[in-house]
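Residue numbers (my numbering), protein chains in the order written: chain V, 2 to 434; chain A, 24 to 387.
Honestly, I wouldn't trust all of these hints.
From the structure, some residues in chain V lie toward chain A, with a derived Cβ separation under 8 Å [to be verified]: (1) 204; (2) 250; (3) 325; (4) 337; (5) 338; (6) 349.
The hints are simulated quantities; they were obtained by calculation from the structure and are not laboratory data.
For clarity, every value in this text was computed on a predicted model and none was experimentally measured.
No residue lacks a Cβ here, since even glycine has one placed at the ideal position from N, Cα and C.
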Amino acid sequence: MPRAGGVERPSRPATQAMVSLATDIVRTADGVPLKVTLRRVDRARKLKAVALVVPLFLFILLSFAIPIGVMLFRAVDNPEIAGALPNTVAELARWNGDELPDEATYAALAGELQAAHKSKTLGLIGKRLNYELPGVRSKIMAIGRAVTKIEAGPYKDAVIGIDPMLGERRLWTVIKSAGEPYTIFYLLSALDFERTQDGDIVNVSADRAIFRDVFLRTMGISMTVTLATLVLGFPVAYLLASLPARTSNLLMILVLLPFWTSLLVRTTAWVVLLQTEGVVNDALMLLGFVDERLQLIFSRFGTIVAMTHIQLPFTLLPIYSVMKTISPTHVRAARSLGAGPFVAFWRIYFPQTVPGIAAGCLLTFILSLGYYITPALVGGPTDQMVSSFVAIYTNMELNWGMASALGAILLAATLVLYLLYNRLIGIDKLKLG
Amino acid sequence: MTIADRQYVEFIEVQKSYDGEILVVKNLNLSMRQGEFLTLLGPSGSGKTTTLMMLAGFEAPTHGDIILDGRSISNVPPHKRDIGMVFQNYALFPHMTVEENLAFPLEVRRMPKSEIEEKVRRALAMVRLNEYGKRRPGQLSGGQQQRVALARALVFEPKLVLMDEPLGALDKQLREHMQLEVKHIHQSLGVTVVYVTHDQSEALTMSDRIAVFNDGAIQQLATPNELYERPENSFVAQFIGENNRLPGKVVLVNGAGCTVEVTGGGVVEALTVNVIGVGAQTTLSLRPERVRINPPNGACANVFPARVEELIYLGDHIRARVSACGQRDFVIKVPNAEGGVGLTPGADIAIGWKREDCRALDPS
Ligand SMILES: Nc1ncnc2c1ncn2[C@@H]1O[C@H](COP(=O)(O)OP(=O)(O)OP(=O)(O)O)[C@@H](O)[C@H]1O
Ligand SMILES: [Mg+2]
Numbered sequence: 002m003p004r005a006g007g008v009e010r011p012s013r014p015a016t017q018a019m020v021s022l023a024t025d026i027v028r029t030a031d032g033v034p035l036k037v038t039l040r041r042v043d044r045a046r047k048l049k050a051v052a053l054v055v056p057l058f059l060f061i062l063l064s065f066a067i068p069i070g071v072m073l074f075r076a077v078d079n080p081e082i083a084g085a086l087p088n089t090v091a092e093l094a095r096w097n098g099d100e101l102p103d104e105a106t107y108a109a110l111a112g113e114l115q116a117a118h119k120s121k122t123l124g125l126i127g128k129r130l131n132y133e134l135p136g137v138r139s140k141i142m143a144i145g146r147a148v149t150k151i152e153a154g155p156y157k158d159a160v161i162g163i164d165p166m167l168g169e170r171r172l173w174t175v176i177k178s179a180g181e182p183y184t185i186f187y188l189l190s191a192l193d194f195e196r197t198q199d200g201d202i203v204n205v206s207a208d209r210a211i212f213r214d215v216f217l218r219t220m221g222i223s224m225t226v227t228l229a230t231l232v233l234g235f236p237v238a239y240l241l242a243s244l245p246a247r248t249s250n251l252l253m254i255l256v257l258l259p260f261w262t263s264l265l266v267r268t269t270a271w272v273v274l275l276q277t278e279g280v281v282n283d284a285l286m287l288l289g290f291v292d293e294r295l296q297l298i299f300s301r302f303g304t305i306v307a308m309t310h311i312q313l314p315f316t317l318l319p320i321y322s323v324m325k326t327i328s329p330t331h332v333r334a335a336r337s338l339g340a341g342p343f344v345a346f347w348r349i350y351f352p353q354t355v356p357g358i359a360a361g362c363l364l365t366f367i368l369s370l371g372y373y374i375t376p377a378l379v380g381g382p383t384d385q386m387v388s389s390f391v392a393i394y395t396n397m398e399l400n401w402g403m404a405s406a407l408g409a410i411l412l413a414a415t416l417v418l419y420l421l422y423n424r425l426i427g428i429d430k431l432k433l434g
Numbered sequence: 024m025t026i027a028d029r030q031y032v033e034f035i036e037v038q039k040s041y042d043g044e045i046l047v048v049k050n051l052n053l054s055m056r057q058g059e060f061l062t063l064l065g066p067s068g069s070g071k072t073t074t075l076m077m078l079a080g081f082e083a084p085t086h087g088d089i090i091l092d093g094r095s096i097s098n099v100p101p102h103k104r105d106i107g108m109v110f111q112n113y114a115l116f117p118h119m120t121v122e123e124n125l126a127f128p129l130e131v132r133r134m135p136k137s138e139i140e141e142k143v144r145r146a147l148a149m150v151r152l153n154e155y156g157k158r159r160p161g162q163l164s165g166g167q168q169q170r171v172a173l174a175r176a177l178v179f180e181p182k183l184v185l186m187d188e189p190l191g192a193l194d195k196q197l198r199e200h201m202q203l204e205v206k207h208i209h210q211s212l213g214v215t216v217v218y219v220t221h222d223q224s225e226a227l228t229m230s231d232r233i234a235v236f237n238d239g240a241i242q243q244l245a246t247p248n249e250l251y252e253r254p255e256n257s258f259v260a261q262f263i264g265e266n267n268r269l270p271g272k273v274v275l276v277n278g279a280g281c282t283v284e285v286t287g288g289g290v291v292e293a294l295t296v297n298v299i300g301v302g303a304q305t306t307l308s309l310r311p312e313r314v315r316i317n318p319p320n321g322a323c324a325n326v327f328p329a330r331v332e333e334l335i336y337l338g339d340h341i342r343a344r345v346s347a348c349g350q351r352d353f354v355i356k357v358p359n360a361e362g363g364v365g366l367t368p369g370a371d372i373a374i375g376w377k378r379e380d381c382r383a384l385d386p387s
């Protein structure tokens, strides 16, 4: 096929007709407008770029984005009562809440409890109502059994006759709110709030309040661990960054050693070391530093020691890699300009390490928030962090709403801290090397 | 000794070794007047930076003493030496603005704020960067950064300023411009400058005196003119400018002159500079521009036949490569005078040079 423009053109009348200003359009040698060719080339390049990220993108979508979305949804999702008692819930929509519901509502409840008894789903209803009215589960089971004996209406008095609880507004308020498709009940509970009969949000009584403590503890432990890793890691990073390559590589292997053993092994090693009859206590006794053995493990101290050990490389490595990029001539320049060793370090060297400190600390803090195994193994009962409650609710209580609400609040708290951090230090200043 | 010629900086038998095996600075003796511009010139690894670092206080001499203004500074830490320093890569503090960089040496000296502002302003004006005070070093061009580094090293008015290849990273044009600028600042402030470079033309244009370093020792310490005209050994002759090297053997020494039998053939009359005596090996050094083509009879003590091998046109002059005295890469520079040079490749010519232009140096 001839490639010369003049011969080619007649074979493309359509293009010619559409492009009225044909003379103004730059064309490639074979007559295709330059922009079209460019777009074609670009598209191929973009497709290639997309193809490279698609696997990871799908993986992250499936393993991260979707689960988080599901979690956030579960924290407000409320399907149990609406599914099991649809008619009762529908009747309750008319209820003003001031006095007891009417006969129709009682009839609907009786009918649905009978059905639930038959289909053995009473347990589900009991469990859900039990979240808001502790102790109600067994009563619901008994009521379900008794209600099958009622053969015909009027139902109201008969039902109240089974259990006086059914003649109280409290239960009905709970059924009504538990029957809504979405609820903030789990989120409120996760922050130690509850709703009164009149719908006001109040603090739960002191003996039932646990989660605020747990969140504060989680933040506190994470901050302490972050600070400890910074205090311990910074000097080491400084040493590593200033030593000749051969020595620093050797030391770096020692720093990275914790990465090469399993978390479980490391944690149990701390149990061996720190227990009352353990190596550390033996040594302290032998050297006469203490008169009686210390409680080092199954305590806050043990938790923080073990977590600091595990997290140290995460804080240290970003600091180290940022320090590596700081030219040693900066400190020399400062010295030659008249600054003593400390001033040169504090005013010239340290500010340049801040992005690394920020990155390392943020990493350690966020990872620490999610600790679960380590506090469980080396902490005491008052050292458990949010994650262990999430685990308890998912694995033992099968209360996904509560587990999700705790997770959602932890996520929100982390985001708030992150924004605060961004405001104070600036996320663009973060440097991993 | 009068005040005027009192030495300001003195290195006395200074030696330096990093590893206890190799001396990177060997028995360095050097003295400088106040206000002098001294350049350390030498190939890579010859110990220039090490010498500078010992003066600045970042390396301790392994042996010997360094005297600054009549006082030994061996026990004075770097920040108490009051020596301004310009580093090869500028070493500007990236997290500070230009003004903060300049204010730093004044702040650590606890000067009052108003005085700091005034001095910073004047220093910026000196390097003509008044508008750039609020920028970070990363937002400046190489030449601007260089000028900030210079201003920072001078702002606290040190008597001595050290510069380690400060222009190394700049392109040719900017480098030449900055050379003049540095020279100008030196003259107007009257500071003493020790300057390190391995660019010989930079050394020649800027310095009062040049110390040519090689292998940890000063090969020659002299004014630029003297170094070029009267190199004392074959390293200096080779390192500064271009020269033709003719190896040979001394057959006669006659006071200031000597006669040398060139290995490639021919007997040359030369100046005795650095030869042991009759029978010794020597290298004759001869600048290409001192060789004359077809000299008139009796004008030159040395005349030899030569054949033109190659001509390279360089605008203002022409480089001719000829074979003569058994050398195939004997180089002659011919000024591109009116009417051309009248050389053609392959032509047989005569070349000649005066005795005074040919120096008998150590064999190398
Ligand atoms: N910190 C050090 N430890 C060990 N050896 C060093 C150190 N610094 C320099 N040297 C060695 O000392 C010798 C002289 O180095 P120096 O830096 O003084 O050379 P230089 O003349 O400044 O060279 P250049 O022109 O390349 O900057 C070199 O052989 C170098 O390898
Ligand atoms: Mg150097």
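Do the hints match the structure? See the list:
1. 204: 47 Å, violated
2. 250: Constraint on residue 250 of chain V not satisfied, violated at 20 Å.
3. 325: Nearest chain A Cβ about 15 Å off; hint violated.
4. 337: It holds, given that the least Cβ distance between residue 337 of chain V and chain A is near 4 Å, below 8 Å.
5. 338: Holds, because the Cβ-Cβ distance from residue 338 of chain V to chain A comes to roughly 4 Å (cut-off 8 Å).
6. 349: The hint holds - residue 349 of chain V has a Cβ within 8 Å of chain A, the shortest such distance being about 6 Å.
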